[in-house]
Amino acid sequence: MPMTSCDTVLSKLSSYIEGHLNAPQKDAIFEHLKECHTCNRIFSDVTNIKSFLHRSQKVSTSLDFDKNLRNRIITDGGAGKSKAPRSISFGLSGVAVAAILYFIVSTTFITGDNQANPGDSKMQMSGYEQQETPPNANSAPAIADEKNEGSVESKSDTLIQKKAFDSERINLIDQER
Amino acid sequence: MVKVENEVKSTQNETSDEQLIARFQKGDNYAFDLLVKRYKDPLMNFIFRFLGDKNEAEDIVQETFLRLYKNKHYYKEIAKFSTWIYTIASNLAKTELRKRKRRKFFSIHQFMQTEKDYDIPDDSFSPDQQANTVITDKLIQQAIDKLSPKFKQVIILRDIQEFSYEEIAEVVDIPLGTVKSRVNRARLKLQEYLKDLEIQP
Numbered sequence: 027m028p029m030t031s032c033d034t035v036l037s038k039l040s041s042y043i044e045g046h047l048n049a050p051q052k053d054a055i056f057e058h059l060k061e062c063h064t065c066n067r068i069f070s071d072v073t074n075i076k077s078f079l080h081r082s083q084k085v086s087t088s089l090d091f092d093k094n095l096r097n098r099i100i101t102d103g104g105a106g107k108s109k110a111p112r113s114i115s116f117g118l119s120g121v122a123v124a125a126i127l128y129f130i131v132s133t134t135f136i137t138g139d140n141q142a143n144p145g146d147s148k149m150q151m152s153g154y155e156q157q158e159t160p161p162n163a164n165s166a167p168a169i170a171d172e173k174n175e176g177s178v179e180s181k182s183d184t185l186i187q188k189k190a191f192d193s194e195r196i197n198l199i200d201q202e203r
Numbered sequence: 244m245v246k247v248e249n250e251v252k253s254t255q256n257e258t259s260d261e262q263l264i265a266r267f268q269k270g271d272n273y274a275f276d277l278l279v280k281r282y283k284d285p286l287m288n289f290i291f292r293f294l295g296d297k298n299e300a301e302d303i304v305q306e307t308f309l310r311l312y313k314n315k316h317y318y319k320e321i322a323k324f325s326t327w328i329y330t331i332a333s334n335l336a337k338t339e340l341r342k343r344k345r346r347k348f349f350s351i352h353q354f355m356q357t358e359k360d361y362d363i364p365d366d367s368f369s370p371d372q373q374a375n376t377v378i379t380d381k382l383i384q385q386a387i388d389k390l391s392p393k394f395k396q397v398i399i400l401r402d403i404q405e406f407s408y409e410e411i412a413e414v415v416d417i418p419l420g421t422v423k424s425r426v427n428r429a430r431l432k433l434q435e436y437l438k439d440l441e442i443q444p
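Taken in order, these protein sequences are the chains called E and D.
Note that the working numbering has the first sequence beginning at 27, numbered continuously upward.
Note that the working numbering has the second sequence beginning at 244, numbered continuously upward.
Keep in mind that the hints were calculated from the coordinates and are not lab data.
Quantities reported herein were computed from a predicted structural model and do not represent experimental measurements.
Every residue gets a Cβ at the ideal spot worked out from N, C-alpha and C, and that includes glycine.
Heads up, some of the hints might be wrong.
What the hints assert, rightly or not - With a straight-line Cα cutoff of 25 Å, these simulated BS3-like cross-link-like pairs (lysine-lysine) come out:
| no. | chain 1 | residue 1 | chain 2 | residue 2 |
| --- | --- | --- | --- | --- |
| 1 | D | 438 | E | 60 |
| 2 | D | 297 | D | 280 |
| 3 | E | 38 | D | 319 |
| 4 | E | 76 | D | 381 |
To be verified - Calculated from the model, a selection of chain D residues having no Cβ within reach of chain E, i.e. all distances over 12 Å:
| no. | residue |
| --- | --- |
| 5 | 261 |
| 6 | 263 |
| 7 | 326 |
| 8 | 343 |
To be verified - Not close to chain D: a few residues of chain E, all C-beta gaps over 12 Å, as computed:
| no. | residue |
| --- | --- |
| 9 | 53 |
| 10 | 60 |
| 11 | 128 |
| 12 | 129 |
| 13 | 132 |
Let the sequences and hints guide you as you build the complete structure.
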């Protein structure tokens with residue numbers, strides 16, 4: 027009978043342990059294990075590890091699992107809820123609409139000086155400023171205080187106004203979604 | 244006669260998974276509850292062994308059931324339900340492992356402390372320095388954590404979850420021969436990691 031190499035024995039070890047080999051193969055491996063101390067040790071360890079894993083401690087879910095799952099289903103798993111791709115496209119279209127509106131509004135008021143009726147554009151500009159003033163009136167001093175950055179210059183006021191306006195727009199997009 | 248017996252069996256809480264999912268697909272949410280009850284702990288055990296972190300594992304198991312709830316109509320009776328749900332859980336766990344690797348690569352962990360730090364493999368695990376130490380559940384989990392995902396997955400399904408080779412082949416979507424080969428190699432690797440410990444049956 028030809029000698030069975032250690033590599034061959036190890037490659038078939040699981041099949042040997044689980045009884046999936048035919049009789050000649052089983053005998054060849056058995057004979058090898060009788061002679062080879064290293065392979066025999068590996069065979070013994072693998073058998074024991076397998077047995078240990080089989081009896082290993084089982085981990086269970088926490089006591090809150092059912093409640094948390096229910097909450098997740100309520101908030102995220104409602105029947106007919108739109109899937110991610112659809113919501114992304116809807117969000118993108120919302121962004122596009124918002125961007126177009128912003129462009130129209132900004133170009134309308136920025137070019138107000140060149141319009142036929144400067145008075146109206148001035149009123150519009152005032153409306154624009156008025157629209158932006160309330161956030162600034164309250165927020166600029168608060169922000170300045172919070173940041174403790176000394177005097178608030180008019181240029182930073184403008185930047186803060188723009189930020190407040192942008193964040194309002196972001197909320198709108200979310201609402202549109 | 245057989246049909247009557249089956250109906251009697253159903254009322255005696257021996258409804259098969261396939262029957263439960265069919266009922267759930269028709270709108271019976273109680274069937275979903277029963278499936279959750281049946282599978283939450285086995286899935287938890289599988290995912291925990293795979294990821295090594297209990298919180299993450301529970302999150303993955305919840306996500307698995309959430310996907311089942313939202314996508315129940317995707318199940319067709321071609322495959323066993325258990326195979327289907329384990330496939331979902333397995334894929335989510337593998338995705339989480341990949342995310343973990345990316346997070347580790349770009350980690351700013353050294354600059355800020357977060358409450359939910361992910362588990363970093365214990366580099367102090369050195370079996371050669373622990374000769375004559377009796378093998379414990381913790382040590383064997385550490386050894387499992389050292390395996391690559393493809394070996395981890397099959398060894399957990401085979402030796403802990405007691406799946407057949409055919410079932411593993413379906414879950415992992417690899418040929419039967421590859422499953423057997425990977426299980427064998429995974430066992431040999433575990434033996435290598437744990438060889439200096441006292442492995443008692």
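Hint by hint, here is what the structure shows:
1. At most 25 Å may separate the alpha-carbon atoms for a hinted pair to count; residue 438 of chain D and residue 60 of chain E meet this at roughly 20 Å.
2. For the hint linking residue 297 of chain D to residue 280 of chain D, the alpha-carbon distance of about 18 Å falls within 25 Å, and the restraint holds.
3. Between residue 38 of chain E and residue 319 of chain D, the direct Cα distance comes to roughly 36 Å. Violation of the 25 Å bound is thereby established for this hinted pair.
4. Taking the CA atoms of residue 76 of chain E and residue 381 of chain D, the gap is near 15 Å; set against the 25 Å cutoff, the hint holds.
5. At the 12 Å boundary, the C-beta of residue 261 of chain D stays outside the reach of chain E, the nearest C-beta of that chain being 22 Å off.
6. With 12 Å as the threshold on Cβ separation, the claim that residue 263 of chain D sits away from chain E holds: the shortest Cβ distance comes to roughly 16 Å.
7. For residue 326 of chain D, the shortest C-beta to C-beta distance to chain E comes to about 20 Å, beyond the 12 Å cut-off, and the non-interface label holds.
8. With a minimum CB-CB distance of about 19 Å to chain E, residue 343 of chain D clears the 12 Å threshold, and the non-interface call stands.
9. Against chain D, the non-interface label of residue 53 of chain E holds: every CB pair exceeds 12 Å, the least being about 20 Å.
10. Consistency note on residue 60 of chain E: stated as away from chain D, and its beta-carbon is indeed over 12 Å from all of that chain's, at 19 Å minimum.
11. Separation of residue 128 of chain E from chain D is adequate, the least Cβ-Cβ distance of about 33 Å exceeding the 12 Å criterion.
12. Every Cβ of chain D is farther than 12 Å from the Cβ of residue 129 of chain E; the closest lies at roughly 36 Å, confirming the non-interface assignment.
13. Against the 12 Å criterion, residue 132 of chain E stays outside the reach of chain D, whose nearest CB is about 37 Å from its own CB.
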